[in-house]
Amino acid sequence: MELLCLGLNHRTAPVEVRERFAVGTNKLGAAAAEIAALADVPEGVVVSTCNRTEFYLAGENAHATLERLEQGLSAREKLEAEISEHFYRLEKADAARHLCRVVSGLDSMVLGETEIFGQVKQAYNAALEAGSTGSILNRLFQRAFSVGKKVRTETRIQEGSTSIGNVAVDLAEKIFGHLKDSQVMILGAGEMSRITAQSLVSRGARSIFVTNRSFERAEELARDMGGSAVRFDDWQRVLEQVDVVISSTGAPHAIIKRADVEMVRRARKFRPLFFIDIAVPRDIDPAVAEIDEVYLYDIDTLEQLAEEARTRRQRQITECERIIDLELKKLNLPGT
Amino acid sequence: MERGMDHWLLIFSTLLAAAGAFWGILSVRQGKRSRWTVIWMAGTFLLQLGFLTVRGQDRAACPLRDTGEILVYLSWSLTLFYLLIGPAYRISLLGVFSAPLVVIFQSTALFPGVLAVSPERVANTSPWGETHSAVSVLSYGAFALAAVAGTMFLVLDHQLKAHQMAGGLFRNLPPIRELLTSLGRLLWLGLGLLTIGIIAGLLMPRNGSMAHLIAAIAVWFAYAILLLVRAKRGLSGRSLSLFTVAVFVLSLAVFALI
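Protein sequence lines, in the order shown, are assigned to chains A and B.
Residue 1 is where the first sequence starts when you use this note's numbering, and the numbers rise one by one after that.
Residue 1001 is where the second sequence starts when you use this note's numbering, and the numbers rise one by one after that.
Rather than coming from a laboratory, the hints here were simulated on the basis of the structure.
Please read all numbers here as calculations on a predicted model, not as lab measurements.
Be aware that a few hints might be false.
What the hints assert, rightly or not - Partial pick of chain A residues on the chain B-facing surface, computed with a CB cut under 10 Å:
{"hint": "1", "residue": "68"}
{"hint": "2", "residue": "167"}
{"hint": "3", "residue": "293"}
Each residue gets a CB set at the ideal place from its N, CA and C atoms; glycine is no exception.
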């Protein structure tokens, strides 16, 4: 029996092609059985996420199985000839190595992301329940999961945040710990503010105050976020009680000046205050950062921190691949 | 003169604390959590306890009769509070910062002449005097740990201000708010203990200089004012930490001079 993988991902196919092969989570088991039948092999697993769809099969002859599967897919889906250009075809050890890379997050759009591990596990469990796996794929997937865990624990592939929103959340947690006791003020109801605030809410932040020059926009965003709208003239009053300020107004000059913060320090009892300035031009005067308890991060700093994390992850790839190769050599998997 | 069991207990306890500090710093540099620090420190604590028991039996009194004993007792109380507070607050790094302080105190105690090789039996002990010494030094353990938490705050505050997110130290340091909470509680605990120590000191029979009692009262006022200002007016984390570290270092220096 030989192992093979036919797949497409965010690097090989645009979204309009990927969506044609996407399989819903609740249909993964049935799809795995269907694909195995299509290729006329006893074992099959279908992995499908927003960035990839991959078919893992174990058959007598990898090359012949691959041909049967492609012909079967073309006939069933009525595919244009050029669609096949988007697929990659991997056999034996290459297929096993690829699965380990996928599980470890090395093949993901966001390098080292952790969600893929659970998604592959879900796909495998669905195939297992549907009875479309056997000794080859069972061993392959179980080993791939342990290799993935090893890669993630022994390297820094998932270290740091790679998006502005996540960097902001990490910083907020470094300052305040659990965010459930933290209050957030959004200054300017722009899209970036919404995304960043949503990241904070997803980690527990509860009290959200939204203020905007247009009060209707503030009310609209406050409704979406489950917070309360504040008149723009009142933001200084709210500053006394909040812990995090996300600012992204379209103002051509600084909105929050050092004197504004100095004025509320006593009332705040000098509690830490975290400013996230994602506006260009900046909304917060850089002199605000000179105040003891203030931590100010502008968009460039956040982007730079995200980029540094991405670079650090990139540097880990060689080490991750070394671990994968070493583990695969030790495992001597059937079908490879 | 041949070293007694107490010296060996102190040497091994210092070595364990040094190992804890070494492995802690190493794991922080590698970006890992220093999970074993609490175990090393628990071992250190047991050996310190052994040392103090042996010395207490030799003295037939609370073993706080020479500078060496005071330093070991101070290290013991620092370790005790770390073991009580560190795991409860999930502050594993507190041990990594505390262990070097324990090593410094105990290594100083091991210097020739600092710790009496043959401790003399104490005659005519007073319960007030014993309470005064024991509880006062115990309060310094809490103040020492507060100073450690203050140092951790200052490191993290600098990293956050300078936008330095990379590195194991940043990842492993507890959040600013958690550090300030534990720092505040340690100061209150220290102040409470020092109050008992001073009251006992005022009630004990006095013979000779009152300098150390006056110094203790001055230290009490320094911490009390710090906590009062924080409660009433508020203090930035940086000011609170700087004052906590400064008052601790200053009071240690004053007692060393006395």
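Legend entry - Ascending list of hint numbers which this structure does not respect: 1
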